[in-house]
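Novice: Chain residues, written in single-letter form:
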Amino acid sequence: MNTLALWFHRIGSPPTAYRLAGRITPWMYGIGAVLGAVALYGGLVLAPPDYQQGDAYRIIFIHVPSAWMSLFAYLFMAANAFVALVWRIKLSEILAMASAPIGAAFTLVTLVTGALWGKPMWGTWWTWDARLTSELVLLFLYLGVIGLYHAIDDRRQAARAAGFLALIGIVNLPIVHFSVNWWNTLHQGSTVRLLGPSKIDAAMAWPLLLMALATHLWFFGSVLARTRNGLLELDAGKEWVRSIALQGESAGGSA
Amino acid sequence: MSDFLAMGGYAAYVWPSFAVFFIVLAFEALAPRAQRKRILASIRGRIRRERDRKPT
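Those protein sequence lines, which keep their order, are chains A and B. Numbered by our numbering, the letters in the first sequence go through residues 1198 to 1452 in order. Numbered by our numbering, the letters in the second sequence go through residues 81 to 136 in order.
This is chain A alone, in the form it adopts within the complex (with noise of 0.2 Å):
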């Protein structure tokens, strides 16, 4: 085997990515905390009230991230149910239904909040128009796949499937993403834009921009978290976990 591919196998190997995850996962979360709070502090403090929509806008600075977070999200879902469906690789299998959760977390926060946005702007707290419709198919999507993989007894079965229905259902990312586009929307389009100049002021673009960095970490913290609970499941019947086990209540977080 070349240095790359031995490198890989190690990571790869339950005990090994238990407690590289276990390292790292602390940090996911403390990083993401403290970016967000500074994040919070210029949204709600610093950045000025909109033109039109006086503060009600500020609704803005968790409504995005979340909204990029539930595709991000079934994105790397999707990604590594398709090595684990290909290649059979169990960590692939764990991460992909790891994400599920975060993933479904964060799509609810859209949709709520996008309600919450939705009634003094628009009059209205829900209409079914296509980005919203889109978006509440892929918190379907995401409960199908935990549902799933909840159903079925064997966790590598359970997995496999659930992965299954999770790349079938990627079909409707690029409908969420150019749904307001592709048909008259009550939703505003994007305010912020990779390719092209974003429409948006720099006093309010930082906080979004570090509150979209933060969510990716804390996505990254619960992925990770989840991923060492499927190592120990996975892992059930082998020496490390069980002295991991037999450590007792006391072995609460560390690795």
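Everything labelled a hint here was simulated from the structure, so no lab data went into it. Bear in mind that the values here come from a model prediction, so they are computed numbers and not experimental data. Some hints here could point you the wrong way.
For lysine-lysine, the following DSS-like pairs were computed, each having C-alpha atoms within a straight-line distance of at most 27 Å [unchecked claim]: (1) Lys117/B - Lys1287/A; (2) Lys134/B - Lys1435/A; (3) Lys1435/A - Lys117/B; (4) Lys1287/A - Lys1435/A.
Model the placement of chain B on the given structure of chain A, informed by the hints.
Specialist: Chain B only, in chain A's frame:
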């Protein structure tokens, strides 16, 4: 301060949004810890049952 809390009249929409954001994400972060405890307890139970089956 009360100006800040009033959010230009949109307090009823802005603050619940942020509350939902924090509650959902905090709950989601606590869930893996509870799950970990459940898994380790069930593994301990399995080890105990195996020991009981073959007396030393």
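Novice: Each hint: holds or not?
Specialist: Results for each hint:
no., hint, in the structure
1, Lys117/B - Lys1287/A, "holds, 22 Å"
2, Lys134/B - Lys1435/A, "holds, 19 Å"
3, Lys1435/A - Lys117/B, "holds, 18 Å"
4, Lys1287/A - Lys1435/A, "holds, 15 Å"
The earlier numbered hints are all upheld by this structure, with none contradicted.
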